[in-house]
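For the record, the sequence lines run as chains W and D.
Everything in the first sequence is counted per my numbering, starting at 32 for the first residue and increasing by one.
Everything in the second sequence is counted per my numbering, starting at 44 for the first residue and increasing by one.
Please keep in mind that the hints were generated in silico from the structure rather than gathered at the bench.
Please read all numbers here as calculations on a predicted model, not as lab measurements.
Each residue gets a CB set at the ideal place from its N, CA and C atoms; glycine is no exception.
Treat the hints loosely; a few may be bogus.
Here are the in silico distance ranges between beta carbons for each label pair [said to hold, decoys possible]:
no.	chain 1	residue 1	chain 2	residue 2	range
1	D	Gly59	W	Leu42	25 to 31 Å
2	W	Leu93	D	Ser141	17 to 23 Å
3	D	Gln127	W	Glu36	37 to 43 Å
4	D	Glu87	W	Gln103	45 to 51 Å
5	D	Glu121	W	Thr51	38 to 44 Å
Covered stretches of chain W (in silico footprint by chain D; criterion: 3 or more residues with CB under 8 Å from a CB of chain D, positions within the stretch not fixed) [what the hints assert, rightly or not]:
no.	segment
6	51-61
7	66-77
Next come the chains, spelled out residue by residue.
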Amino acid sequence: SQKIEQNSEALNIQEGKTATLTCNYTNYSPAYLQWYRQDPGRGPVFLLLIRENEKEKRKERLKVTFDTTLKQSLFHITASQPADSATYLCAPQGSDSNYQLIWGAGTKLIIKP
Amino acid sequence: DTGVSQNPRHKITKRGQNVTFRCDPISEHNRLYWYRQTLGQGPEFLTYFQNEAQLEKSRLLSDRFSAERPKGSFSTLEIQRTEQGDSAMYLCASSGDSLLVDIQYFGAGTRLSVL
C-alpha cells in the first residue's frame, strides 16, 4: 500500500539556521507533491507545490526539491525564525482524476531563539 | 469569501449521542473533503464530494458516519452513536482552482470530545 514517511521526531533548529524536512514515499508515483503548514488547533495551510518534472521550487525562504528516483522530497526553510515553528505535512498527489492527497504524519519543527 | 468555515469549533458529547458538524466551503470550489486527525498524525481521509455527488468514502469508515452535501454547497458530517474512539479533530477542506492540481483549503476544524 502507499506509504508516506516524515521525520517522526521533532526537529529542533537554532534561529537563523536552515531547517530541512524529509518526506519519503513508497509504492506510489505521484505527479505532484504538496507541502502544508499546520499550527496547533488549526487546519493545514498550503505552502508549496512541486511537479514531478521539476527538480526544485522556491518561494521566499522556502525551497522544495523532488527526487522521483529516490522517491523523496526535501523541504528547506532558510534563515529560520521562531515564527516558523509548526508542523509541516507533505502530501503527494497522483496525476489522474482521483484527487485524493495521501498525507504524511508531519514533522514538528521547533526554532529556538 | 473569507475561506472555509466549520461549525461548531468544539463539541463535547456523551458516548452514544449523535453529533452533526457543518462545513461551508469556499463558494466557487466544487470539491469538498472531510478528514479526521488525531494528535501526531496527518489528516485521515473520510469522504470526498464533487459538487453534490459523494464520490468516495473511506473503507475504514464506520456505517455510523454519514455525510451530505445538498445542492453542492455546504456539507454536514454526522456521527451516530458516538464512541470514545471518535474523539478527534474533524477537518473540512475545499478545492477546485484547477482540474489537475488539488490545492486544498482547510477550515479550522471541529474538535470532538466523546466522554
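Comparing the hints with the structure gives:
no., hint, in the structure
1, D:Gly59 <-> W:Leu42: 25 to 31 Å, "violated (41 Å)"
2, W:Leu93 <-> D:Ser141: 17 to 23 Å, "holds (20 Å)"
3, D:Gln127 <-> W:Glu36: 37 to 43 Å, "violated (29 Å)"
4, D:Glu87 <-> W:Gln103: 45 to 51 Å, "violated (23 Å)"
5, D:Glu121 <-> W:Thr51: 38 to 44 Å, "holds (42 Å)"
6, 51-61, "violated (count 0)"
7, 66-77, "holds (count 6)"
Consistency note: the structure conflicts with the earlier hints numbered 1, 3, 4, 6.
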